[in-house]
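Asks: Just so you know, the sequences run in chain order A and B.
So that you can map any letter, position 47 of the first sequence is 47 in the working numbering, and since no number is skipped, the others follow by simple counting.
So that you can map any letter, position 44 of the second sequence is 226 in the working numbering, and since no number is skipped, the others follow by simple counting.
Simulated coverage check for chain B against chain A, where a stretch passes if three residues somewhere in it have a Cβ under 8 angstroms from a Cβ of chain A:
#1 262-276
#2 287-301
Just so you have them, the derived chain B footprint on chain A, three or more residues with Cβ under 8 angstroms:
#3 6-13
#4 78-88
#5 99-113
#6 127-137
Counterexamples of contact, computed for chain B against chain A with all Cβ distances above 10 angstroms:
#7 G247
#8 W279
#9 P282
#10 R314
#11 A329
If you're looking for bench data, these hints aren't it; they were derived computationally from the structure.
All C-beta atoms in this analysis are idealised placements derived from N, C-alpha and C, irrespective of residue type, glycine included.
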Amino acid sequence: MRARVYWPVTVAAALLVGLLAYGLTTTGTDTTLDAATAKGERVAPPTGGALPVLGGNGSGSLADYKGKVVLVNVWASWCEPCRDELPLIQRAHKTLSARGGTVLGIDVKENSGAALEAIDEFGLTFPNLRDRDGSFVREWGQTGYPENYVIDRQGRVAAVRRFPVTQKWLDETLPPLLDEAA
Amino acid sequence: MRALLAALLALAVLAPAAAAATPRTSLPDVEDEVMCLECGTALNVSTSAVADQERAFIAELIAAGKTKRQVKAALVAEYGPRVLAEPSDEGFDLTAWLVPVLAALGALALVGLTARRWRRARGGGPHDGGPRLDPDDARRLDAELAAFDR
Numbered sequence: 001m002r003a004r005v006y007w008p009v010t011v012a013a014a015l016l017v018g019l020l021a022y023g024l025t026t027t028g029t030d031t032t033l034d035a036a037t038a039k040g041e042r043v044a045p046p047t048g049g050a051l052p053v054l055g056g057n058g059s060g061s062l063a064d065y066k067g068k069v070v071l072v073n074v075w076a077s078w079c080e081p082c083r084d085e086l087p088l089i090q091r092a093h094k095t096l097s098a099r100g101g102t103v104l105g106i107d108v109k110e111n112s113g114a115a116l117e118a119i120d121e122f123g124l125t126f127p128n129l130r131d132r133d134g135s136f137v138r139e140w141g142q143t144g145y146p147e148n149y150v151i152d153r154q155g156r157v158a159a160v161r162r163f164p165v166t167q168k169w170l171d172e173t174l175p176p177l178l179d180e181a182a
Numbered sequence: 183m184r185a186l187l188a189a190l191l192a193l194a195v196l197a198p199a200a201a202a203a204t205p206r207t208s209l210p211d212v213e214d215e216v217m218c219l220e221c222g223t224a225l226n227v228s229t230s231a232v233a234d235q236e237r238a239f240i241a242e243l244i245a246a247g248k249t250k251r252q253v254k255a256a257l258v259a260e261y262g263p264r265v266l267a268e269p270s271d272e273g274f275d276l277t278a279w280l281v282p283v284l285a286a287l288g289a290l291a292l293v294g295l296t297a298r299r300w301r302r303a304r305g306g307g308p309h310d311g312g313p314r315l316d317p318d319d320a321r322r323l324d325a326e327l328a329a330f331d332r
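Sequences are here, hints too, so could you generate the full structure?
Replies: Below, the structure written as structure tokens:
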């Protein structure tokens, strides 16, 4: 009798532990990209899914920039370090666009009105996509704001920066990639 | 004059009904049903910059006369379905709906099993509450009771 009462309890407890383990493994931060780029490897983007275009119709994706060096900038206007970084990113876009590259902004977790106001305020001229709930950048192992990923001309991730970029980092990272053939 | 009075009367009757048909909402009424996307908590307990921006967006919609339903629809359009505090019915979120139901069923089954076991341990029938009399004592008791009845 005792065994008959306790086996459903054991099964229920095992299910709850399994559920907890599943939740922890699926919501943790993915560091695959960091590990690969730290070793100098270039890897395929974790996701290349389409996102809505900020301030426009339709959608866009990394595939639209194949053959270009792309600096993917993850930002939001409510993020102070992002706002501090945006002038530098805009300058990087000017440099990149002159040499077959571009900045691609990924505006995260904000309404398009607020994002467009920031674009006007900072005079940003690079294209932007909207990651409405942050699910796109989560696939990239995002840990904070801002973040930057550099994509080479073959569409592979060549560098990751989990905090604001510096001019020095941009100068060291972008020119060698711009010199590569498509 | 009569026409004017009739018009005023109609206005007095219809105005409250029209107001009731389009209920106004308020920030506190919406806040507790919306998530701060960055903090993972309800908006009414979030103090982050992203929460402030969400609140400002809601306040603008309320000022524009949107109903609670319209505000929530606009939030989903701008931020996606995760902005609502109610979990979705797909993927891992489904567990938020299933686990309480399964836990309740499990608890009911446990109560049922425990009750059955308890009844069995007590012996079940109303006459099984004490020790049985041996036949001699039973005959003597019957005789004594019969003597009282006389």
